[in-house]
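A.B. asks: Residue numbers (this note's numbering), protein chains in the order written: chain X, 1 to 166; chain A, 1 to 435.
Derived by calculation from the structure, the hints in this document are not laboratory data. The C-beta atom is built at its ideal place from N, Cα and C for all residues, glycine as well. Just so you know, not all the hints are guaranteed correct.
Short, incomplete list of chain X residues facing chain A, as computed with Cβ under 10 Å [claimed, not checked]:
1. 31
2. 76
3. 97
4. 109
5. 163
6. 165
Rough simulated footprint, nothing fancy, chain X against chain A, three-plus residues with beta-carbon under 8 Å [what the hints assert, rightly or not]:
7. 21-33
8. 67-75
9. 133-139
10. 180-192
11. 306-315
12. 345-351
Residues of chain X placed beyond 10 Å of chain A at every Cβ, according to the derived structure [claimed, not checked]:
13. 15
14. 18
15. 20
16. 83
Here is how the chains run, residue by residue.
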Amino acid sequence: MSSHSAEVHAPVFVGATLAKLEALYPKYPTRMALLLPALWMVQEERGWVSDGAIHEVAEKLELTPAYIRGVITFYTMYHTHPVGRHFIQVCTTSPCNICGAEAVARALLEHTGCGELGATSPDGRFTVMEVECLGACGFTTPMLIDDDFIEGVTVESVPALLARYP
Amino acid sequence: MGYPHPIHPKETPVLSTHFGDAGARTFDGWTSRGGYVALKKALTMTPEQIVDEVKASGLRGRGGAGFPTGLKWSFMPKEDGKVHYLCCNADESEPGTFKDREIIRWTPHALIEGCAIGALAIRAEVAYIYIRGEYTEPCTILQRAVDEAYAAGALGANAFGSGKRLEVIVHRGAGAYICGEETALMNSLEGRRGNPRIKPPFPAVAGLFGLPTTINNVETLAAVPHILNRGAAWYAGLMLGNPKSTGTKLISVCGHVQRPGTYEITLGLPMKELIFDACGGMLPGRTLKAVIPGGSSVPIMTPEEVETCVTDYEGIAAAGSLLGSGGMIVMDDTTDMVYQIMRLARFYAHESCAQCTNCREGTGWTTRILERIVRGEGKPSDLDLLMDLAENMTGKTICVLSDSCATPVVSGIQKFRSEFEAYLSGARAPVLVGV
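Please model the complete structure; the sequences and the hints are all you need to start from.
C.D. replies: If you want it as structure tokens, here you go:
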């Protein structure tokens, strides 16, 4: 069991969030097809997908928690543990790599205080991840901070960009 | 247009005409630019008429495989009494490719209209657009446009008062390269892990939710309204001498060129005119070293191969590579080919779904061998070992991810062997791997 399993889970799917999920039911012929959308709703509300949330989604969509864990771990964008207040994804695959993306990633690690990829800064403000392509290869180096897509990041522009995310 | 650059004389803007024009994003803006005329026309046509028009245009799939679109649609069963689905592949996850993003960001209604027409052509009422999770801004823009299209009555139970039901549903992925493979995409949409499926059965027989399904790329569907508006003959006439490669193609050019961006060319344009004229050529003082013309999965080309290559399906194949998705990665003489091939292998190792042994093991072994070469710990036998591995990774798995990992390794060793040997002999100093 994960160290987070002792939490008391406050349901995500109540009120407007429940209505949002139920509005999707008629758009798909199965409940299982709502799994990715439901997990996105959890992450938007809570910042990550906890064990309690997995059980809640399982009940809502008539799936088993083990099945859901299997799906979550296939995808890179769902967090199965808490991350920093701002989640940074920077591309370092070849098209970006040849234009200096690794230096940008190193600058992000340094200026956020994260130190290493996947770690959260001691102040809880940032987590930095290297990702495999953001589909913006002509605008090196691209990165996502939370849902904000930022193009043309350079080593020099990193400190000012981070300052916008307190 | 060469977004974010102005239209270059070597371009033929059709799909990209309104890139950069935020006014084209709204329903009213799109309508005032000639939008939704094609859908209204399609609503008066039979599925056969739509399929025949697209067949006659010569349009081929723009996602990478280049399969004739009209023919693909014609594989869908008729009068089978089953629900049919259209899936639009907006996963655009092939490194080097960022063209569909501009279609979605600037002309979302072009895609919605293309999806609606495609659905009519295959007797479907529902089209799902599967968009990659990282495309936060495009996804928001697309969802807003879909909502507008419903509000305006273009979509819904009675599309434009035709009595026909047309639904377009945006479905967000969650970070997995392989979900751009069509059967993996369907599994993902169904709420499963994105593992590719064994074919047959092909999607036209048993696809999404086990029902007849067609999957088309964003650019393919966005071209369809233009074909209905201006006619198949007009589209088929957009070519430069090769009637098998008709129409325009978006080429997203990245890497070491003066003006990276998304360019729209008539198929058949000489590759060097695209790179050296439209994109402005190399950075000052640099020379061309290599081009990966169709997304990271296709063979690497040398400057000599680029020199005479025409940019269309057959032209790039004749030069030993593939047009693929049209994601063109240009590398100059500062590029460490061994390091970049290692990075590509690492990408595929990270993205392997691990169903098939040859891929699961092969992508990992290939990456670790390339990493040790770069670290200065390679063995003289490593290049033969890499080639042997590549052979065992090609044509042996459910999908082509494994082949895609082998491709740059093989073409890299064949065409840039001296760079590998420099690492192996110690003539080149080892480098640290990664961030």
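A.B. asks: Take the hints in turn and mark each one as holding or not.
C.D. replies: Going through the hints against the structure:
no., hint, in the structure
1, 31, "holds (8 Å)"
2, 76, "holds (4 Å)"
3, 97, "holds (5 Å)"
4, 109, "holds (7 Å)"
5, 163, "violated (21 Å)"
6, 165, "violated (15 Å)"
7, 21-33, "violated (count 0)"
8, 67-75, "violated (count 0)"
9, 133-139, "holds (count 5)"
10, 180-192, "holds (count 5)"
11, 306-315, "violated (count 0)"
12, 345-351, "holds (count 3)"
13, 15, "holds (21 Å)"
14, 18, "holds (18 Å)"
15, 20, "holds (12 Å)"
16, 83, "holds (14 Å)"
The structure fails to meet hints 5, 6, 7, 8 and 11 from the earlier list, while all remaining hints are met.
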